[in-house]
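Taking the hints into account, I'd like the entire structure generated from these sequences.
Chains as they are written, first to last, in this note's numbering: chain A, 197 to 490; chain B, 61 to 356.
Mixed in with the good hints, there may be bad ones.
EDC-like cross-link-like pairs, simulated, lysine to aspartate or glutamate; straight-line CA separation at most 20 Å [unchecked claim]:
{"id": "1", "chain 1": "B", "residue 1": "106", "chain 2": "A", "residue 2": "202"}
{"id": "2", "chain 1": "B", "residue 1": "113", "chain 2": "B", "residue 2": "222"}
{"id": "3", "chain 1": "B", "residue 1": "154", "chain 2": "A", "residue 2": "207"}
{"id": "4", "chain 1": "B", "residue 1": "113", "chain 2": "B", "residue 2": "66"}
{"id": "5", "chain 1": "A", "residue 1": "486", "chain 2": "B", "residue 2": "112"}
{"id": "6", "chain 1": "A", "residue 1": "346", "chain 2": "A", "residue 2": "292"}
{"id": "7", "chain 1": "A", "residue 1": "206", "chain 2": "B", "residue 2": "65"}
{"id": "8", "chain 1": "B", "residue 1": "87", "chain 2": "B", "residue 2": "147"}
{"id": "9", "chain 1": "B", "residue 1": "154", "chain 2": "A", "residue 2": "489"}
{"id": "10", "chain 1": "B", "residue 1": "133", "chain 2": "A", "residue 2": "275"}
{"id": "11", "chain 1": "B", "residue 1": "106", "chain 2": "A", "residue 2": "397"}
{"id": "12", "chain 1": "B", "residue 1": "190", "chain 2": "B", "residue 2": "158"}
{"id": "13", "chain 1": "A", "residue 1": "346", "chain 2": "A", "residue 2": "397"}
{"id": "14", "chain 1": "B", "residue 1": "154", "chain 2": "A", "residue 2": "397"}
{"id": "15", "chain 1": "B", "residue 1": "72", "chain 2": "A", "residue 2": "489"}
{"id": "16", "chain 1": "B", "residue 1": "113", "chain 2": "B", "residue 2": "125"}
{"id": "17", "chain 1": "B", "residue 1": "72", "chain 2": "B", "residue 2": "112"}
{"id": "18", "chain 1": "A", "residue 1": "206", "chain 2": "B", "residue 2": "165"}
{"id": "19", "chain 1": "B", "residue 1": "79", "chain 2": "B", "residue 2": "66"}
{"id": "20", "chain 1": "A", "residue 1": "486", "chain 2": "B", "residue 2": "111"}
{"id": "21", "chain 1": "B", "residue 1": "106", "chain 2": "B", "residue 2": "183"}
{"id": "22", "chain 1": "B", "residue 1": "87", "chain 2": "B", "residue 2": "115"}
{"id": "23", "chain 1": "B", "residue 1": "113", "chain 2": "A", "residue 2": "489"}
Not close to chain A: a few residues of chain B, all C-beta gaps over 12 Å, as computed [as the list claims (entries may be wrong)]:
{"id": "24", "residue": "72"}
{"id": "25", "residue": "74"}
{"id": "26", "residue": "88"}
{"id": "27", "residue": "97"}
{"id": "28", "residue": "128"}
{"id": "29", "residue": "136"}
{"id": "30", "residue": "138"}
{"id": "31", "residue": "139"}
{"id": "32", "residue": "146"}
{"id": "33", "residue": "149"}
{"id": "34", "residue": "170"}
{"id": "35", "residue": "184"}
{"id": "36", "residue": "198"}
{"id": "37", "residue": "223"}
{"id": "38", "residue": "272"}
{"id": "39", "residue": "277"}
It should be emphasised that the hints constitute simulated quantities derived from the structure, not laboratory data.
A virtual CB, placed ideally from N, CA and C, is assigned to each residue, including glycine.
Below are the chains, spelled out letter by letter.
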Amino acid sequence: MGLSVEYVAKETATNLWRNRLMALAAILTVAVSLSLVGTALLLRQAVNRQIGAVASNVNLQIFVNPGAPKSQLAYIRQEIKATPQIESCNYLNSTESYNQAKQLLKGQKTVLSVLSPGTVPTDFRCQLHNPNQAATVGALFSAGIPGVYKVTWPGQSIHVMEQVTSVLQLILLIVAIALLVSSLVLILNAIRMAIFSRRREVSVMKLVGATNWFIRIPFMAEGLVQGFLGSLVAVGIVMLSNWGLSYLSDRVQALSQATVPSGDLLVTEILVVLVGLIVGVVGSSVAVRKFLDV
Amino acid sequence: MIRFDDVTKVYKGGSPALKNITLEIQKGEFVFLVGSSGSGKTTFLKLILREEKPDQGAIYVAGRDIGVLSAWKVPHLRRNLGCVFQDFRLLPNKTVAENVAFALEVIGRPRQVITTQVAQVLDLVGLGQKASRMPDELSGGEQQRVAIARAFVNRPLVLLADEPTGNLDPATSQGIMSLLDRINRTGTTVLMATHDVGIVDSMRRRVIELDRGTLVRDQARGVYGLTDEMHSSTSGLPAVPLSPAFAELLDKDNRRSGKADLDKQKLPLSDDVPVSDAGKGNSRVSSVRARRGSRY
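Structure follows, in structure tokens:
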């Protein structure tokens, strides 16, 4: 057919330059929506890693009222021994608990000023034979043993964490999909304008017997380039948000494990570029089919 | 080269644009397609280009039934058909040479072939010196030469021309016609739709006349209408039946030139004819006479 790469590149470049404002709008919308998609994916991976780390650490935590009498403490110890599911427990006394709390709440001066070794609950950190039994064991201890302030197991916090992040992810995804659709429409419109501004060329091409693909491909390449450029911007933004995430996880203990390994980051970025290319191709194909009457 | 076999074309919701047309045009012929506006000339050309499909009947171009041609083969049909229009249809942002080269570029000809062929065809149309001009720097006649160069650069079997002289003055039109005649002599079949009485009458080629979609005349070495047969003795050609629409036009001409008394058998005169219209027809005919006088 003789459709040379040089010809397509030249045509695409001139088309993009002629409709640069429309192209810019399309590229930016692709960029914004793909950044959201990429960030949502990153967040999900980070949260999963954090949850995994938390779950493997401590199975059950029994908090004891601050200043609980020795007798109550002894009773709790006895109960722990009597529970077959518990493998071992480690008691943190008031000073140790206070130190831990200080570390956890580092930077929050007002909260720290209220705390003292006497007001921080002490706790037992227990390993279970089977971490899945945490809920049953936890229920056993939270039901009416004197001196027990609260029993937590990762299942609870993980559950909360998962719920929060899944809601967050859902919102991000909905916004991202809405933006993806609008960027698709914008690319479609950009290509439509390009077709319109070149209708003379197109009519001459049809007249002298240029094949349909010869006429179509430069326009489709234009959409592809718009999607690609948008996704490149998005790749940059996703890198930035990954950097922000690792900044956070360095400073916030609760997110200490919430980092994404570079391999997974690469996969995410590749996905972002692929989605960008797909949006570009789909948008321009629809435009070419609808408005390029060949 | 081109064969119409009982072709009928009806546009949506209208009366037929072409009705039961059967005719054949041989290779190397020069054919005028005449008829008033709306008589189906443009539809006739569009059918050959497969811009439209016939509702009935078959059209053969170079022996192939183009009605059953699959869509992806249509471009290859069009590479064998050159096309020239009244409004030139040049690309304003390309030079003369680029305009002509574009026709070869988009069908994937190699660069070297393009360069030599463009130079050749520009010499043929007499614009070798103006290859790097922009279309808007050229006169109308020169622009039409560029359009012809573009249509002919790929050496098509058939050259279709839809009123190629419609925007040009008579002298320039003559130049275009002699160019088309030269192209015809290379063996290219030329089919030209026109309103230009002077050109048709002076060239004396085959004339196909359409009226409201029907073929009313197919005459070898014909003239535009019967005007000259009736009012001048220069032609020895036999008279052929007149189409009602053309008779009406003729009446207007006659009335304005005071010759209405010559044909009593014609349709009654209509008084609501716009003067500008009638005037145009009249001046065209008289300018033709003047030129014919000098020619014969």
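Checked hints:
{"no.": "1", "hint": "B:106 x A:202", "result": "violated (33 Å)"}
{"no.": "2", "hint": "B:113 x B:222", "result": "holds (18 Å)"}
{"no.": "3", "hint": "B:154 x A:207", "result": "holds (14 Å)"}
{"no.": "4", "hint": "B:113 x B:66", "result": "holds (13 Å)"}
{"no.": "5", "hint": "A:486 x B:112", "result": "holds (19 Å)"}
{"no.": "6", "hint": "A:346 x A:292", "result": "holds (18 Å)"}
{"no.": "7", "hint": "A:206 x B:65", "result": "violated (45 Å)"}
{"no.": "8", "hint": "B:87 x B:147", "result": "violated (27 Å)"}
{"no.": "9", "hint": "B:154 x A:489", "result": "violated (23 Å)"}
{"no.": "10", "hint": "B:133 x A:275", "result": "violated (88 Å)"}
{"no.": "11", "hint": "B:106 x A:397", "result": "holds (19 Å)"}
{"no.": "12", "hint": "B:190 x B:158", "result": "holds (12 Å)"}
{"no.": "13", "hint": "A:346 x A:397", "result": "violated (77 Å)"}
{"no.": "14", "hint": "B:154 x A:397", "result": "holds (10 Å)"}
{"no.": "15", "hint": "B:72 x A:489", "result": "holds (19 Å)"}
{"no.": "16", "hint": "B:113 x B:125", "result": "holds (11 Å)"}
{"no.": "17", "hint": "B:72 x B:112", "result": "holds (12 Å)"}
{"no.": "18", "hint": "A:206 x B:165", "result": "holds (13 Å)"}
{"no.": "19", "hint": "B:79 x B:66", "result": "holds (8 Å)"}
{"no.": "20", "hint": "A:486 x B:111", "result": "holds (18 Å)"}
{"no.": "21", "hint": "B:106 x B:183", "result": "violated (30 Å)"}
{"no.": "22", "hint": "B:87 x B:115", "result": "violated (26 Å)"}
{"no.": "23", "hint": "B:113 x A:489", "result": "holds (15 Å)"}
{"no.": "24", "hint": "72", "result": "holds (16 Å)"}
{"no.": "25", "hint": "74", "result": "holds (21 Å)"}
{"no.": "26", "hint": "88", "result": "holds (22 Å)"}
{"no.": "27", "hint": "97", "result": "holds (22 Å)"}
{"no.": "28", "hint": "128", "result": "holds (18 Å)"}
{"no.": "29", "hint": "136", "result": "violated (6 Å)"}
{"no.": "30", "hint": "138", "result": "violated (4 Å)"}
{"no.": "31", "hint": "139", "result": "violated (4 Å)"}
{"no.": "32", "hint": "146", "result": "holds (14 Å)"}
{"no.": "33", "hint": "149", "result": "violated (6 Å)"}
{"no.": "34", "hint": "170", "result": "violated (8 Å)"}
{"no.": "35", "hint": "184", "result": "holds (17 Å)"}
{"no.": "36", "hint": "198", "result": "holds (17 Å)"}
{"no.": "37", "hint": "223", "result": "holds (16 Å)"}
{"no.": "38", "hint": "272", "result": "holds (28 Å)"}
{"no.": "39", "hint": "277", "result": "holds (29 Å)"}
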